[in-house]
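2 protein chains.
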Amino acid sequence: MTYQNVTIIGGGVLGAQIALVSALHGKNVTIWGRKNQSLDKARQRVTLYSQAATKFLKLSHQQLEQSSTNLHYLTDLETAVANADLVIECLPENRALKHDFFKRFAQIAPQKTVIATNTSTMLPSEFAEDTGRPTKFLAYHFANEIWKYNTAEIMPQSQTDPQLIDTFIAYSKEIGMVPLVIHKEQAGYLLNSMLIPFLQAALNLWGTDVANFQTNDKTWMIATGSAIGPFGYLDLIGIRTILAIGEADEQTDLSQPVYTKIKNMLAAGHIGVETGQGFYTYPHPAYQQADFLK
Amino acid sequence: MTYQNVTIIGGGVLGAQIALVSALHGKNVTIWGRKNQSLDKARQRVTLYSQAATKFLKLSHQQLEQSSTNLHYLTDLETAVANADLVIECLPENRALKHDFFKRFAQIAPQKTVIATNTSTMLPSEFAEDTGRPTKFLAYHFANEIWKYNTAEIMPQSQTDPQLIDTFIAYSKEIGMVPLVIHKEQAGYLLNSMLIPFLQAALNLWGTDVANFQTNDKTWMIATGSAIGPFGYLDLIGIRTILAIGEADEQTDLSQPVYTKIKNMLAAGHIGVETGQGFYTYPHPAYQQADFLK
Numbered sequence: 031m032t033y034q035n036v037t038i039i040g041g042g043v044l045g046a047q048i049a050l051v052s053a054l055h056g057k058n059v060t061i062w063g064r065k066n067q068s069l070d071k072a073r074q075r076v077t078l079y080s081q082a083a084t085k086f087l088k089l090s091h092q093q094l095e096q097s098s099t100n101l102h103y104l105t106d107l108e109t110a111v112a113n114a115d116l117v118i119e120c121l122p123e124n125r126a127l128k129h130d131f132f133k134r135f136a137q138i139a140p141q142k143t144v145i146a147t148n149t150s151t152m153l154p155s156e157f158a159e160d161t162g163r164p165t166k167f168l169a170y171h172f173a174n175e176i177w178k179y180n181t182a183e184i185m186p187q188s189q190t191d192p193q194l195i196d197t198f199i200a201y202s203k204e205i206g207m208v209p210l211v212i213h214k215e216q217a218g219y220l221l222n223s224m225l226i227p228f229l230q231a232a233l234n235l236w237g238t239d240v241a242n243f244q245t246n247d248k249t250w251m252i253a254t255g256s257a258i259g260p261f262g263y264l265d266l267i268g269i270r271t272i273l274a275i276g277e278a279d280e281q282t283d284l285s286q287p288v289y290t291k292i293k294n295m296l297a298a299g300h301i302g303v304e305t306g307q308g309f310y311t312y313p314h315p316a317y318q319q320a321d322f323l324k
Numbered sequence: 031m032t033y034q035n036v037t038i039i040g041g042g043v044l045g046a047q048i049a050l051v052s053a054l055h056g057k058n059v060t061i062w063g064r065k066n067q068s069l070d071k072a073r074q075r076v077t078l079y080s081q082a083a084t085k086f087l088k089l090s091h092q093q094l095e096q097s098s099t100n101l102h103y104l105t106d107l108e109t110a111v112a113n114a115d116l117v118i119e120c121l122p123e124n125r126a127l128k129h130d131f132f133k134r135f136a137q138i139a140p141q142k143t144v145i146a147t148n149t150s151t152m153l154p155s156e157f158a159e160d161t162g163r164p165t166k167f168l169a170y171h172f173a174n175e176i177w178k179y180n181t182a183e184i185m186p187q188s189q190t191d192p193q194l195i196d197t198f199i200a201y202s203k204e205i206g207m208v209p210l211v212i213h214k215e216q217a218g219y220l221l222n223s224m225l226i227p228f229l230q231a232a233l234n235l236w237g238t239d240v241a242n243f244q245t246n247d248k249t250w251m252i253a254t255g256s257a258i259g260p261f262g263y264l265d266l267i268g269i270r271t272i273l274a275i276g277e278a279d280e281q282t283d284l285s286q287p288v289y290t291k292i293k294n295m296l297a298a299g300h301i302g303v304e305t306g307q308g309f310y311t312y313p314h315p316a317y318q319q320a321d322f323l324k
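Line order of the protein sequences matches chains L and S.
According to the numbering used here, the first sequence holds residues 31 to 324 in order.
According to the numbering used here, the second sequence holds residues 31 to 324 in order.
Calculated from the structure, these hints are not laboratory results.
Be a bit skeptical, because a hint or two may be false.
All copies of an identical chain are treated as equivalent in the list; a pair is satisfied when it fits inside any one copy or across any two copies.
As the list claims (entries may be wrong) - With a cut-off of at most 30 angstroms between alpha-carbon atoms, the simulated DSS-like pairs for lysine-lysine come out as follows:
id: 1; residue 1: Lys-291; residue 2: Lys-178
id: 2; residue 1: Lys-293; residue 2: Lys-203
id: 3; residue 1: Lys-324; residue 2: Lys-214
id: 4; residue 1: Lys-88; residue 2: Lys-203
id: 5; residue 1: Lys-88; residue 2: Lys-324
id: 6; residue 1: Lys-65; residue 2: Lys-214
id: 7; residue 1: Lys-293; residue 2: Lys-214
id: 8; residue 1: Lys-291; residue 2: Lys-214
id: 9; residue 1: Lys-291; residue 2: Lys-133
id: 10; residue 1: Lys-324; residue 2: Lys-203
id: 11; residue 1: Lys-65; residue 2: Lys-142
id: 12; residue 1: Lys-65; residue 2: Lys-133
id: 13; residue 1: Lys-88; residue 2: Lys-214
id: 14; residue 1: Lys-85; residue 2: Lys-178
Kindly produce the complete structure, drawing on both the sequences and the hints.
Rendered as structure tokens:
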């Protein structure tokens, strides 16, 4: 066994999912939230994800009960980290907020405590000094719906102790994740580094009217045997994310036809699975129909 | 019914596959080859692909027999095109060879004959004037193992009669293909336009030692539910193809670490499924083992 007492900083989407899955695998988990209000929301998320995880993992009522007793909620940060073996920072993607937290963490956490960031858009080296223990700090990144998409990307920064990576590999397995080691800092980790160029290529084919989105999806699904094509995937992650990535990248020309088309979709509320309408209409998108690949 | 008398120019990998599948669906097919020797090879390919297609499509012995009587082999070009409704050019990817063929075709083919090119690396506009009938000419592109990966990409050039696209849609369905209409000329068609940026992104993660290839494949397979990741796919198409694409693109810097690693693999004969060794070892690659995603 690696870490037993685990504290999750922030009970948002990912924080709640990591907390739940860790608790389901016998870890003693504390979710820290700034206010009671945010902890109430975290509890609601955990309940919601419990149902999805129970269904997907075919959990017994007993397992679910046990996980519930393993989960604690606190607003006092000092108490929350006082006995933690591992702290995973899952705050919103706000640079200043994260810097503040890591600096405070350095002051109050015991020396034994290992610290990880779940950031998806920043690199861990940016926060290494803040933590007061750069050898015990790395990035630890999960997908959404982690009981199903059970990847745990482990990304050290230059000062991380190599042994820490091995411990994170073991911890990931203990909580049912597939550990994926990234040897160097890489913006976007592995998944987005592959997914974004692919999705942008697909979007350009649609954006320049080379082919409609269904045709692109059919091409991909038949050629790769995948159950989903790029536009089905875009609906899952939400087209807003693609626009945000374009806006964040100075080299991206937002006057390209594809961005005009994306903005038109957003204006019409066609955001993706979330709103029931993206490229496809949900809950029964055309690409899941039997005759789509005919 | 659209075209009944179909002539395939060249009985190489794709020519033999298109001929076979058309014959299996009741078309009267002629394969033209320059010499008897090349036609012998075409016959061998058709026999080989018949076995694979029979297995995959669960064909009866009778269906196979019938397809055999639908298939003819000729070295005389004039006879081969004399009564053709449709001619599909499947010559090697050699520019001069194709220009010569289309010019000759223009002289000897009846006016009714529709003409298509199966080129994967050139654009149809380059040959439109050669054919003597630019309105009746487009690109018609298939994947490998077309009984299984049954995509038929239909790509017009600027002079193509729009009605011809509809006829190709119908013809594709008649021979068991999924028609994929590309509205404008697009180098790489749809599949390669999406696949190549994705594969190059994956190769770069491996080439710069960010993560090993297995880790990249696991990431992709778990996140997308695909049965194959980028490096499994690279083994299928052969790493030589990637090097060739890099070499053909003037903007590609071949001194990048990834190309050094690719060249080392090629020098060691690690070409892909074809040689039994690429990134993975065949016929039972690790990514197909039950514990790969654990």
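Ascending list of hint numbers which this structure does not respect: 1, 2, 6, 9 and 13
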